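Participant: Okay, here's what each chain looks like letter by letter:
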Amino acid sequence: MLCITEDFLEGIAWELIKKSCTQLPEDVMVLLKDFQNKESNPSAKELLETMIKNAELAAIEGKPICQSPGYPVLYITSGSDFIIDADIQKVFAKAIIKATKEGYIRPSIVHPITRVNPGDSSGKGIPDIEMELRPDSSKLNLVISFKGCGCELANKLQVLTPAQIGENGVGIKRFVLEATVNAGGIPCPPVAVGVGIGGQTHYAAKLSRKVISIQKWTDRNPDGEIAQLENELLQQINKLGIGPAGIGGDTTALTVKVGMVSTHTAICPVAVNFHCWVGRRCGLTIESDKSYKFIF
Amino acid sequence: MSKVVLQTPLQKEDVAKLKVGEIVYINGVIFTMRDLAHLRLLQKLAKNEEPPENFFGAVIFHAGPVAKKQDSNWVTSVIGPTTSMRMEPFSETILGKLGVKCLVGKGGMGKKTQEALIKYCGVYLLSPPGCAVIQAKSLQKILRVHWLDLGMPEALWVIQAENWGPLTVAMDAYGNNIFEEVKNRALNKIKQIYGETYCSV
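Residue numbers (our numbering), protein chains in the order written: chain H, 1 to 296; chain E, 1001 to 1201.
Only chain H is shown next, with the shape it has when bound in the complex (with noise of 0.2 Å):
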């Protein structure tokens, strides 16, 4: 059994939360890569190359790969072995003003009514906190998501009727790849999109945030039914030709994820959740024994 503390906890969330600001994840930068590679569009070609550019520029320099800081997420999946005794979201809250005063995090969390900005990108309900729990698991993973927010503005949610799934869920796909031609250049292609299907409107739509944050874009699904659907999707949406910042190309959506639950029989929710091509995020796995190493 472990005891994290919130000691312990200080200096990870300190790590996490400067790490994911200024270092492009690596299976976004080989996806970025690999579809620059592929890109047959000129122009598109030459916006992947200063996008992958301007991540390394940002490792190098310590800065914001993005001026937009985004709104963080905190993710904790445990297992049995753990005990938290510490105010995760009070810790983590500090190091994000902490950030945010270095420079890594520009203020930008405000009211929602009034939107007063106390400058230093702290508030109520900052950061989000999700948690889920694995007795079947003896890690506990931490991972942290700034989003951005420019993206947020695409973002759909529909509950379908059982008439409008169609066949082989056919509406399910048409409204994700109607969503994304919408959102067009607004979520910062080549996107990530997340979605989230069944449950009732609230798990779709967290479903839909989560699958694109707490998992590698290169990882395959080991659902096969799930891996064939964004398989799917994703081979679509690339044939639509919004291309990199909407302007046109071969390259849209560096990955689809899909995260899927039952439902009840009358509904189906379905939420699509944008990701901007700056997959600002970073995760550790902590062994039961106190050791940890990050999982991007």
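Worth flagging that the hints you see were computed from the coordinates, not collected in a lab. Just so you know, these numbers come straight off a predicted model, no measurement behind them. Using N, Cα and C, we set each Cβ at its ideal position, and we do this for glycine too. Hints are supplied without guarantee of correctness; some may be wrong.
Incomplete in silico selection of chain E near chain H, CB under 8 Å [said to hold, decoys possible]:
| # | residue |
| --- | --- |
| 1 | G1057 |
| 2 | V1078 |
| 3 | I1079 |
| 4 | G1110 |
| 5 | A1170 |
| 6 | K1183 |
| 7 | I1190 |
Chain E: place on chain H using the hints.
Facilitator: What follows is chain E alone, placed relative to chain H:
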């Protein structure tokens, strides 16, 4: 692909010669404005108050920097574009009343902006999204800042641009709009795949 270098403030002729797809570099003073700076500016104009800067021939960058204070001067650490579509309601006033000639951002803008660009001879440029380290190199020098009470991202920053680019002409003064062309082609493709069934978002 042809490359055009522009000096602010822009003249009508500078903008009139630009066509979608061309690459532009900008020198001279530019302004950053997001939602709240636009709203405050419009409030001031409604009350017949003077705007804090002369926007005639101006370039407005839809952006908010990460700025750092060195001694008593502000310096850009990183800067890149925000989603321009949120500024769609302001285009008529910004281009028509203030004489702004060029909007720079990401994601493109809508019909109201397209009409204003045609009517007042303006242009919309795409700045590479998410590329904030690279763009900061040509937007280092901050001349002054207004309305810092709105917060760092939403304040009106006045910046000296030095060979800022590449920026792509995405909407020109003749009604051409790359984003719309790309979108319409894509929607047609979806129709080809699925027909008229199971519409629509």
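Participant: May I ask which of the numbered hints given earlier this structure violates, with the numbers listed in increasing order?
Facilitator: Of the numbered hints, 1, 4 do not hold.
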